[in-house]
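Going line by line, the protein sequences match chains D and B. First residue of the first sequence? That's 1 in my numbering, and the numbers climb one at a time after it. First residue of the second sequence? That's 385 in my numbering, and the numbers climb one at a time after it.
No wet-lab data here; the hints were simulated from the structure. Each hint should be verified, as a subset may be incorrect.
What the hints assert, rightly or not - With a Cα cut of at most 20 Å, we get these calculated SDA-like pairs of lysine to any residue:
1) B:K409 x D:R37
2) B:K426 x D:A104
3) D:K129 x D:I139
4) B:K409 x D:P6
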Amino acid sequence: MAEFQPALKQGFEHPRLMREFGLIRENLDGFDDLDNRFVMRSVPHVLATATSVRSPGGPRTGWSGDGAPGDGSLRAFAVGAVIQHFTRSLRRVPGVDFRLPSDAELDALEAFTLSLGRQQELALPLPLKGTQARRGQAIYLDNNLGKCNLCHANAGANADFGAGNLGNLSFDTGVENLPETPARMSGEGIPRDDGFGTPGNGQFNTPPLVEAADTPPFFHNNAAQTMEGAVGFYNSAAFNHSPSGRLLASLDAKGVGINLDSGQVEAVAAFLRVINALENIRQGDALLRATLGNGFFAYAQNRENLTQAAKEIGDARRVLGQAGLHPHAVALLRESARLAQWGGYLGLFGEPLVQRALAQLDAARAELIGGTSVATGLEQGRKP
Amino acid sequence: MKQSNLLAGALVALLASTPLAYGQKAAEQFIPLGQSPGLSGKQTLIGRIEAVDPLSGSITLAGEGHQVRVTPTTHIWLDRSLLQLANASGGMADLIPGRRAEIKFTDTNRREAEWVKVELAAP
């Protein structure tokens, strides 16, 4: 809009930061000084919101948990989004520059958002087969080494410090203190982001990690481009000098916050890639099965589901392939996605291809994880 | 004490310092009186301003028996959407008897205002 609407050329989106670095302008601290008072944030995915939006203090929306006006709920989030992003002019006159969503629209948007992605947490540890991912999972779960599971329990967005699920929490992890994020390297003026509240306290929400590997870049400012870079951040001075890093260090027998060697970083990243692939496989599987036995008149719906299934399976293939993980599974996933796509083209006659796609998908899954009888949280959505 | 217990205790202390969720104030300014999702009609009070006491910094809405404190941290917004003008920040001087207002409270006793929206309509 900033590129095409003269009224939004200044004080709205920054086209270069948006298109090159995926950063969106937010005026969380007020709209009184549009030239100087703003933050530039990435767009978090909304997958598995049903598992990640609750906190002891109420719902957490947006990167700093305070993205919604009104009662701060997920339902109210769309109202803030309309005011911030969907205005025709910077005057932001209700009823003139934008229309607020109706109650029915807010209900529908909330229901839709909550329906996306995982509806339940994983149950770690998983019986993973890959050496690197298995070691990564062990590091992840080790509260004296990786320490990841404390804030991202079961690779989700909720904390568990040993006394059960504490819900979604916010932390100051020092990401904002990284001296050279991609966007800052551009030389564009990017104000410091102070996180939750006005003035901010430096804290940002904990995002779910199962969905991380196929939704880069990472952090509220897109500071890390790769899974390995994101895990590696926790070795940095920025993290270890942050309030969260110092707290972990104060509790460590050697006074260390987080200090992983490069192999350990890659192992944790491999683990996160594999659980992301498994989630994509779960979704692909559910979408494929939803097309079976529907008859000729479900052609359009089936084709949509199969196209989506091919994309989910393709995500799993890419996430593994990018790190050279499980090459045989990658080949099976490639074939499964191809069969799903062709199944969509052929309509009723494509069902045998869908069955073959499912078989390839099951085989790929079996390359990654064993013990289908184990309660992993990955079975949801599978038809018996 | 086990290290995990120490860790849990310290992190729970950190949790205790974590602020509660709240509605974002920046966008709230642009929501017309009575339309704040999840708040209007539930957690706010809407009515005409009956009395204003500038000395104590308080207002009373019609039908509400007690005064509500307006403190220096209270946001006062002018809802000018009926005039098709942009909503704006206001001040105590904009709280004029007879105008419609909506109050969100900072406390469950409804004694102190977190924000006040005042509706400006055509004369």
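Checked hints:
Taking the CA atoms of B:K409 and D:R37, the gap is about 14 Å. The hint holds against a cut of 20 Å. Proposed proximity of B:K426 and D:A104 is supported: the alpha carbons are some 17 Å apart, at most 20 Å. In summary, the hint linking D:K129 to D:I139 is supported, as the alpha carbons are separated by about 16 Å, within the 20 Å threshold. With a C-alpha separation of about 27 Å, the suggested pairing of B:K409 with D:P6 is violated against the 20 Å cut-off.
When each numbered hint is compared with the structure, a violation occurs for hint 4 only.
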